[in-house]
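Modelling step: build the complete structure from the supplied sequences, incorporating the hints.
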Amino acid sequence: MTEIELLNIIKKRELPKDELDAFWDNFFGFLPLFIFIILSKNNIAFLIVNLILIFYTFYCKFNEKKLITIVTPLNEAENISLIENIAEEQQWKIKTKQNALYEFYIPFLFNQPGHKLTLIARDNAILLNLRNIGSTKGRMPYLFGIDTLNERKIIGLINSTEYKIYSK
Numbered sequence: 000m001t002e003i004e005l006l007n008i009i010k011k012r013e014l015p016k017d018e019l020d021a022f023w024d025n026f027f028g029f030l031p032l033f034i035f036i037i038l039s040k041n042n043i044a045f046l047i048v049n050l051i052l053i054f055y056t057f058y059c060k061f062n063e064k065k066l067i068t069i070v071t072p073l074n075e076a077e078n079i080s081l082i083e084n085i086a087e088e089q090q091w092k093i094k095t096k097q098n099a100l101y102e103f104y105i106p107f108l109f110n111q112p113g114h115k116l117t118l119i120a121r122d123n124a125i126l127l128n129l130r131n132i133g134s135t136k137g138r139m140p141y142l143f144g145i146d147t148l149n150e151r152k153i154i155g156l157i158n159s160t161e162y163k164i165y166s167k
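By numbering that gives the first Met the number 0, the letter at position 115 of the sequence shown is numbered 114, and the numbering carries on one by one without gaps.
These aren't lab readings, by the way, just hints derived from the structure by calculation. All residues carry an ideal CB built from backbone N, CA and C; glycine is no exception. The reader is advised that the hints may include incorrect statements.
Derived DEER-like restraints, expressed as beta-carbon distance ranges [what the hints assert, rightly or not]:
1. ILE145 <-> GLN90: 14 to 20 Å
2. ILE37 <-> ASN123: 50 to 56 Å
3. GLU83 <-> PHE54: 37 to 43 Å
4. TYR58 <-> GLU87: 43 to 49 Å
5. LYS92 <-> LEU50: 22 to 28 Å
6. ILE93 <-> ILE43: 36 to 42 Å
7. GLU150 <-> PRO15: 28 to 34 Å
In structure tokens:
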């Protein structure tokens with residue numbers, strides 16, 4: 000990734016297309032929801048719940064590549080050091096390391112990757128994006144609350160560690 004591409008990502012506050020945007024993986028992730036609509040035509044309550052779940056799935060899909068800004072008192076070099084220290088401590092599997100952009104795989108069950116974490120170090124901020132990887136076929140844009148818990152844990156790690164590094 001070039002510096003210009005990285006600057007465009009930062010300006011848009013959104014990640015570009017990647018391997019998680021494959022059409023068939025996403026199609027098979029949504030397929031069970033549409034099958035439930037056909038099966039629930041006689042049960043209004045189940046149909047309403049299923050429609051809400053479909054709308055939530057599309058909402059998550061359209062917003063899953065947005066970057067969250069975590070404000071830090073550190074400059075870019077210190078934020079890079081912070082990211083590397085946390086990744087080593089948490090034993091995240093590194094996918095990409097280019098300039099100030101880091102991509103990690105975070106283990107879920109049986110040490111298999113469950114989430115793709117993207118961190119971009121900037122002056123006074125770290126940009127974060129966490130996406131569910133899904134299974135071999137089918138990828139939902141959420142994992143029923145586990146994404147939120149992992150995201151909060153990562154933000155907590157960054158916030159608790161930054162002051163230790165900053166005060167040195």
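Hint by hint, here is what the structure shows:
1. ILE145 <-> GLN90: 14 to 20 Å: Taking Cβ atoms as reference, ILE145 and GLN90 lie about 18 Å apart, which means the hint holds.
2. ILE37 <-> ASN123: 50 to 56 Å: Because 51 Å falls inside the window, the suggested range holds.
3. GLU83 <-> PHE54: 37 to 43 Å: Given range 37 to 43 Å: holds, Cβ gap about 39 Å.
4. TYR58 <-> GLU87: 43 to 49 Å: Roughly 35 Å apart at Cβ, these two residues miss the hinted range, so it is violated.
5. LYS92 <-> LEU50: 22 to 28 Å: violated, 37 Å
6. ILE93 <-> ILE43: 36 to 42 Å: For ILE93 and ILE43 the Cβ distance comes to about 49 Å; the hint is violated.
7. GLU150 <-> PRO15: 28 to 34 Å: violated, 20 Å
Hints 4, 5, 6 and 7, counting from the list given before, are not met by this structure.
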